[in-house]
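We have chain A; now place chain B onto it with these hints.
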Amino acid sequence: SQQGEEDPQALSIQEGENATMNCSYKTSINNLQWYRQNSGRGLVHLILIRSNEREKHSGRLRVTLDTSKKSSSLLITASRAADTASYFCATAPGRALTFGSGTRLQVQP
Amino acid sequence: GAVVSQHPSRVICKSGTSVKIECRSLDFQATTMFWYRQFPKQSLMLMATSNEGSKATYEQGVEKDKFLINHASLTLSTLTVTSAHPEDSSFYICSAQGLAPSSYNEQFFGPGTRLTVL
Numbered sequence: 227s228q229q230g231e232e233d234p235q236a237l238s239i240q241e242g243e244n245a246t247m248n249c250s251y252k253t254s255i256n257n258l259q260w261y262r263q264n265s266g267r268g269l270v271h272l273i274l275i276r277s278n279e280r281e282k283h284s285g286r287l288r289v290t291l292d293t294s295k296k297s298s299s300l301l302i303t304a305s306r307a308a309d310t311a312s313y314f315c316a317t318a319p320g321r322a323l324t325f326g327s328g329t330r331l332q333v334q335p
Numbered sequence: 848g849a850v851v852s853q854h855p856s857r858v859i860c861k862s863g864t865s866v867k868i869e870c871r872s873l874d875f876q877a878t879t880m881f882w883y884r885q886f887p888k889q890s891l892m893l894m895a896t897s898n899e900g901s902k903a904t905y906e907q908g909v910e911k912d913k914f915l916i917n918h919a920s921l922t923l924s925t926l927t928v929t930s931a932h933p934e935d936s937s938f939y940i941c942s943a944q945g946l947a948p949s950s951y952n953e954q955f956f957g958p959g960t961r962l963t964v965l
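For the record, the sequence lines run as chains A and B.
In terms of the numbering used here, the numbers along the first sequence are unbroken and rise by one, the last being 335.
In terms of the numbering used here, the numbers along the second sequence are unbroken and rise by one, the last being 965.
The following block holds chain A by itself, in its conformation from the complex (with noise of 0.2 angstroms):
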């Protein structure tokens, strides 16, 4: 079953725009990570939180992770029309990743 849900389910917004998207899981967590996917591609890893940390930057992206609200949220600042993509977060409760409902984002040239 999905382990969590992200919301906004979609989201349009104008390049140059930050995008945030929240996540929730439900059980314990050692890290929570987000990826990305193109239509009909593969998925890219894009960053890793650990379940000790609360923020993590890496380029555009900011990860916050509260372990005690099980949320976690993904801000990507000035977006750029190749953006555009479903980003998902992702959790391990055993070997497997469980991912969220995903977010759709659209970023307007």
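Do not take every clue at face value.
Claimed, not checked - If you want the ones that stay clear, here's a sample from chain B, every Cβ over 10 angstroms from chain A, calculated:
hint : residue
1    : Gln853
2    : Phe881
3    : Glu899
4    : Glu910
Unchecked claim - Computed beta-carbon distance windows for the label pairs:
hint : chain 1 : residue 1 : chain 2 : residue 2 : range
5    : A       : Asn256    : B       : Gly900    : 26 to 32 angstroms
6    : A       : Glu279    : B       : Pro958    : 26 to 32 angstroms
7    : A       : Asp292    : B       : Cys860    : 29 to 35 angstroms
8    : B       : Pro855    : A       : Ser265    : 17 to 23 angstroms
9    : A       : Gln334    : B       : Leu923    : 23 to 29 angstroms
10   : B       : Leu965    : A       : Leu301    : 30 to 36 angstroms
11   : A       : Ala307    : B       : Gln889    : 20 to 26 angstroms
12   : A       : Gly266    : B       : Val850    : 18 to 24 angstroms
13   : B       : Gln889    : A       : Glu241    : 43 to 49 angstroms
14   : A       : Lys295    : B       : Ala919    : 42 to 48 angstroms
15   : B       : Ser862    : A       : Gly320    : 31 to 37 angstroms
16   : B       : Lys911    : A       : Gly320    : 17 to 23 angstroms
Please keep in mind that the hints were generated in silico from the structure rather than gathered at the bench.
Cβ coordinates follow ideal geometry from the N, Cα and C atoms, glycine included.
Relative to the frame of chain A, chain B by itself:
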């Protein structure tokens, strides 16, 4: 990072036929491979976990006799969709985990296979 390939990338078949999808780790040995299915505009759902040399472990609701998984070597796992029906049309994605997984269960994903059953 490590590279995982899938073949074919796209397949169209008639209802009732069987389709085999290959997942290969190109530059590392994968003790474990995972098969996911993704319906349009939905998330990835784990179908089964495949360990080299042993039987696959299927998730609840996934028919093991319909989705045959073979992980005969450390670099190859195959998923065969038997007697395919239109409702099996989906995007199938594999991922591979190496001999010495990192502390965060690092997996490397293939590019996916789009199956369309007519």
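Checked hints:
The beta carbon of Gln853/B sits about 8 angstroms from the closest Cβ of chain A, which is not more than 10 angstroms, so the claim that it is off the interface is violated. Not every C-beta of chain A lies more than 10 angstroms from that of Phe881/B, the closest at about 5 angstroms, which undercuts listing it as non-interface. At roughly 14 angstroms, the least C-beta separation between Glu899/B and chain A is larger than 10 angstroms, which holds for a residue marked as non-interface. Every Cβ of chain A is farther than 10 angstroms from the Cβ of Glu910/B; the closest lies at roughly 17 angstroms, confirming the non-interface assignment.
One distance hint, 26 to 32 angstroms for the beta-carbon pair Asn256/A and Gly900/B, holds here, with the actual separation near 27 angstroms. The supplied range of 26 to 32 angstroms is met by Glu279/A and Pro958/B, whose beta-carbon atoms lie about 30 angstroms from each other. Taken as a hint, the range 29 to 35 angstroms is violated for the pair Asp292/A and Cys860/B, whose Cβ atoms sit roughly 46 angstroms apart. Checked against the hint of 17 to 23 angstroms, the pair Pro855/B and Ser265/A passes, with Cβ atoms roughly 19 angstroms apart.
At about 42 angstroms, the CB distance of Gln334/A to Leu923/B disagrees with the hint of 23 to 29 angstroms. The hinted range of 30 to 36 angstroms is not satisfied by Leu965/B and Leu301/A, whose Cβ atoms lie roughly 43 angstroms apart. Separated by about 24 angstroms at the C-beta atoms, Ala307/A and Gln889/B satisfy the suggested range of 20 to 26 angstroms. In this structure the hint that Gly266/A and Val850/B lie 18 to 24 angstroms apart at CB holds, the actual value being about 19 angstroms.
The hinted range of 43 to 49 angstroms is not satisfied by Gln889/B and Glu241/A, whose Cβ atoms lie roughly 27 angstroms apart. A hinted range of 42 to 48 angstroms holds for the C-beta pair Lys295/A and Ala919/B, which are about 44 angstroms apart. The hint said 31 to 37 angstroms for the Cβ distance between Ser862/B and Gly320/A, and at roughly 34 angstroms that hint holds. Taking the beta carbon of each, Lys911/B and Gly320/A are about 18 angstroms apart, inside 17 to 23 angstroms as hinted.
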